[in-house]
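With the hints as a guide, dock the two chains, each given alone in a separate frame, to form the complex.
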Amino acid sequence: EAGVTQFPSHSVIEKGQTVTLRCDPISGHDNLYWYRRVMGKEIKFLLHFVKESKQDESGMPNNRFLAERTGGTYSTLKVQPAELEDSGVYFCASSQDAGNTEAFFGQGTRLTVV
Amino acid sequence: ILNVEQSPQSLHVQEGDSTNFTCSFPSSNFYALHWYRWETAKSPEALFVMTLNGDEKKKGRISATLNTKEGYSYLYIKGSQPEDSATYLCAFYGSARQLTFGSGTQLTVLP
Chain D
1 EAGVTQFPSH SVIEKGQTVT LRCDPISGHD NLYWYRRVMG KEIKFLLHFV KESKQDESGM
61 PNNRFLAERT GGTYSTLKVQ PAELEDSGVY FCASSQDAGN TEAFFGQGTR LTVV
Chain H
1 ILNVEQSPQS LHVQEGDSTN FTCSFPSSNF YALHWYRWET AKSPEALFVM TLNGDEKKKG
61 RISATLNTKE GYSYLYIKGS QPEDSATYLC AFYGSARQLT FGSGTQLTVL P
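From first to last, the protein sequence lines are chains D and H.
With the working numbering as the guide, the letters of the first sequence map in order to residues 1 to 114.
With the working numbering as the guide, the letters of the second sequence map in order to residues 1 to 111.
By construction, these hints were calculated from the structure, which means they are not laboratory data.
Treat the numbers as computed from the prediction; the structure is a model and nothing was measured.
Be aware that one or more of the hints could be misleading.
Unchecked claim - BS3-like cross-link-like pairs, simulated, lysine-lysine; straight-line CA separation at most 27 Å: (1) Lys44(D) / Lys42(H); (2) Lys54(D) / Lys44(D); (3) Lys41(D) / Lys42(H); (4) Lys44(D) / Lys69(H); (5) Lys57(H) / Lys69(H); (6) Lys59(H) / Lys69(H); (7) Lys15(D) / Lys51(D); (8) Lys59(H) / Lys78(H); (9) Lys42(H) / Lys78(D); (10) Lys54(D) / Lys41(D); (11) Lys42(H) / Lys69(H); (12) Lys58(H) / Lys78(H).
In isolation and in its complexed conformation, chain H is listed as follows (with noise of 0.2 Å):
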């Protein structure tokens, strides 16, 4: 059984702030590291697909960082805005060929 942990299970931040949360995920096997936004009665969306190690990928205030070697990687918010708010659901690749989830950080942005 792949073991894929996020911390923390939730969060609370006031509008502004910056925060950063962790995906922890098995060093060996493997082939990528996805990070995915998932909003209330929405379903999933991709924020990353990161491959390589030293990997660094940024989509607008949200950034992410890669360490397959240590088996984690973060998640970035610059300046947290309300819109925010969402599940951040972090998924390993590996060579058993699933896409395993970990549990999620819930934000909540409170403006």
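Next up, chain D with everything else stripped away, as it sits in the complex (with noise of 0.2 Å):
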């Protein structure tokens, strides 16, 4: 069975530019959540997806970020437009039972901004 993926495994933009990084979950996962590691920091949430709708968001640093999941599958993070703080790493993980059982991280997506 397949993990949770991510893509790009990474991204370069010039500050202004907009990146969307995807997240395909483990089949079956309604629980999908996006983390982000900034300058090698503690893992940040971000957002907590069930199914297709937006559980917890709390964690969404600004309006320039935007994540959606049509359809209760993959989901998508859009950054536009991008700063330079928004450099780091960014993890999806998804899980079967929020917080009741283990979630799957994906390797991340390490998106630089120049």
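Okay, here's the thing in structure tokens:
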């Protein structure tokens, strides 16, 4: 069974440009999370989908970030326009039963804004 | 803002030593406590998901205990090996229905 996959693995963009990150969760996992790790610090929660609905988006830093999960399958995280401080590694995770079962992480997308 | 704290921040031990580290979390509105192992250049992998006060879980040389009343969990590694070197993350899941991670304990096992 395929794990959580993220695309692209790396992205280098200029300040002001737009980038879209994609996450394909494990099939059948209703719960999908986005996290990011900035400058080697701890992993910070961004948002949580249950199926196609945003359960909690309290971690989204500002309105330059937009996440979608149309159809409750894959999810995209768009940053528009990107700023320097958005650089970091963006992780996606999925789980079958929110909280009570382990979350499976993707390999992450390393975003560098120059 | 939920406070999930891990200590120590980093730890160096000799091969063969046993070690342990701590995760503290809110004792109210508790649903589950997760432990993950994160190797450099990889993604975090789950070690344990613990839900009941007094839970003890074991996987090989690694074990964990849970005290939900006082809000802490210990992770133990017996007979550390160089391949155990990684960052160990705990994550709290509560009534806010959000998995909140600690900053991790970075373990280095010296051969």
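So which hints don't hold here, by number, going up?
7, 11
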